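Trainee: Chains as they are written, first to last, in our numbering: chain A, 305 to 587; chain B, 3 to 166.
No lab work stands behind these hints, which were simulated from the structure alone.
None of the values given here were measured: they were computed from a predicted structure.
Don't take each hint at face value.
Claimed, not checked - Beyond 10 Å from chain B on every Cβ pair, some chain A residues (computed): (1) E387; (2) K546; (3) R552; (4) Y584.
Said to hold, decoys possible - A few chain B residues that face chain A, going by a derived Cβ cut-off under 10 Å, partial list only: (5) G15; (6) K41; (7) I112; (8) T142.
As the list claims (entries may be wrong) - Okay, the calculated bits of chain B under chain A, using three or more residues with CB under 8 Å as the criterion: (9) 69–78; (10) 145–157.
No residue lacks a Cβ here, since even glycine has one placed at the ideal position from N, Cα and C.
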Amino acid sequence: MTSEKSIKGMGGKQPNHNDEMMLSMLRDILLREDREDIAEIRDALDDPDRLAEKITPIIEFHLETMKRKFPREYQKQVDRIVERKLKASQDELLDVVYPVMGKMVRKYVNHQFVSLKEGLDERMRSLFSAQGLKNRLKAMVFGVNEGDLLLGELEETKIEEVFLIERDSGILLGHYSLTETIDRDVVAGMLTAIKSFVEDAFSKERQDLEMIEYGTYKIYVQSFHQYYAAIILNGAITASYKDKLSKRLLDFAEAEMQNISLDGEFETNEQKLSARLADYFKE
Amino acid sequence: MISKKVILTGNFGVGKTSLFNRFVYDRFSDKYLTTIGVKVNKKVTHVDGEEVSILLWDIAGEVSQDKVPVSYFLGAAGIIYVFDLTRPLTYENMDRDIEHLRQLLPDSVIKIVGNKEDLLGSEDEIQQILSGLNHECNLTTSAKTGRNVEELFQELGKDLLERA
Chain A
305 MTSEKSIKGM GGKQPNHNDE MMLSMLRDIL LREDREDIAE IRDALDDPDR LAEKITPIIE
365 FHLETMKRKF PREYQKQVDR IVERKLKASQ DELLDVVYPV MGKMVRKYVN HQFVSLKEGL
425 DERMRSLFSA QGLKNRLKAM VFGVNEGDLL LGELEETKIE EVFLIERDSG ILLGHYSLTE
485 TIDRDVVAGM LTAIKSFVED AFSKERQDLE MIEYGTYKIY VQSFHQYYAA IILNGAITAS
545 YKDKLSKRLL DFAEAEMQNI SLDGEFETNE QKLSARLADY FKE
Chain B
3 MISKKVILTG NFGVGKTSLF NRFVYDRFSD KYLTTIGVKV NKKVTHVDGE EVSILLWDIA
63 GEVSQDKVPV SYFLGAAGII YVFDLTRPLT YENMDRDIEH LRQLLPDSVI KIVGNKEDLL
123 GSEDEIQQIL SGLNHECNLT TSAKTGRNVE ELFQELGKDL LERA
């Protein structure tokens with residue numbers, strides 16, 4: 305206070321050397337503690353370890369609080385975002401889920417068949433032992449005619465052609481054939497028209513056409529959400545062969561179709577998918 | 003090259019099938035039209051140096067809401083709606099038909115085509131009919147002479163490319 309008075313008391317005069325020294329001393333006295341605190345803070349800020357030591361408990365506390373409060377505070381917003389995203393990407397989502405679900409269903413059905421076969425084996429072991437009865441047992445297990453089963457053993461089934469077709473438009477996405485065929489775009493369109501006709505005319509619920517037969521040829525159809533595969537086969541088809549074919553298609557779908565865009569660039573995709581179809585189905 | 007599905011539709015007897023048979027890759031017999039009600043043809047057209055493959059689904063009969071399977075229309079990028087310039091019966095329900103098609107395929111290109119122009123006496127007669135329509139007729143054609151058919155594919159191909 306004294307110094308403050310003396311400074312005020314100097315009026316318009318310039319401060320002399322003594323005044324400046326006094327003022328400097330006064331500053332030292334008054335600001336020493338603040339200066340020490342500032343230096344301490346600066347040191348702490350410059351040293352990462354010390355800074356971490358100070359800040360970590362605060363961050364951890366806030367993270368814990370956020371974790372605890374997040375479901376209550378943000379659940380509705382997150383639910384809305386996820387719901388919107390799922391609605392917007394339904395097709396993509398189904399294409400991802402389809403092969404996985406198909407495999408799960410297939411695995412379950414196979415398991416049931418194996419259980420059934422084991423049960424039948426057990427029951428029939430004591431009653432029948434002749435080799436000839438094996439086929440009958442197989443026929444029972446796989447639900448096919450015994451004659452067809454014998455025929456299947458004699459005649460090798462051959463994949464003649466594979467069409468991969470966009471479900472609604474009937475546009476060809478990919479194709480594999482042993483021989484050069486008639487215009488495959490038009491065949492893909494007509495197959496789609498026939499498939500649509502059958503499904504519209506005879507399905508009471510959402511069901512898909514699975515097989516078309518003509519003479520020794522058969523068209524095995526497996527539908528996915530945005531596309532379907534039609535495989536032209538020559539020879540007898542047993543349930544186990546169909547099962548293998550289905551597995552191969554599911555593997556193909558899982559590996560090759562996840563990142564394929566079905567919006568327009570069919571030509572680019574067609575070449576790529578046709579090459580991949582050949583890899584999967586060439587025998 | 004891009005591939006697009008295009009529906010060919012319109013009332014019975016307007017000349018849809020004969021209009022296009024000479025201009026498209028005609029692989030299958032017309033008997034499919036009476037058995038499953040549709041036949042697929044292909045037409046490759048060139049627009050500004052780019053190839054457009056048009057898969058033309060010729061749908062038999064009419065633009066009915068209950069007689070034609072809806073699935074025949076699904077996935078189509080374009081529609082060619084044909085009417086007979088000489089028979090008012092074939093265009094008097096055009097409003098309802100176009101509305102139905104718009105609801106089924108809101109994003110598709112629609113071309114309205116008046117066929118059998120060769121049976122009318124003069125250009126004035128054609129204009130008189132067209133002026134009475136609620137929708138713009140994009141082209142008048144003749145299955146007999148083939149007039150404007152290639153032009154129709156060109157216009158359609160261009161529109162499809164623009165929307166691709």
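Trainee: Looking back at the numbered hints, which does the structure fail to meet, lowest number first?
Mentor: 5, 7, 8, 10
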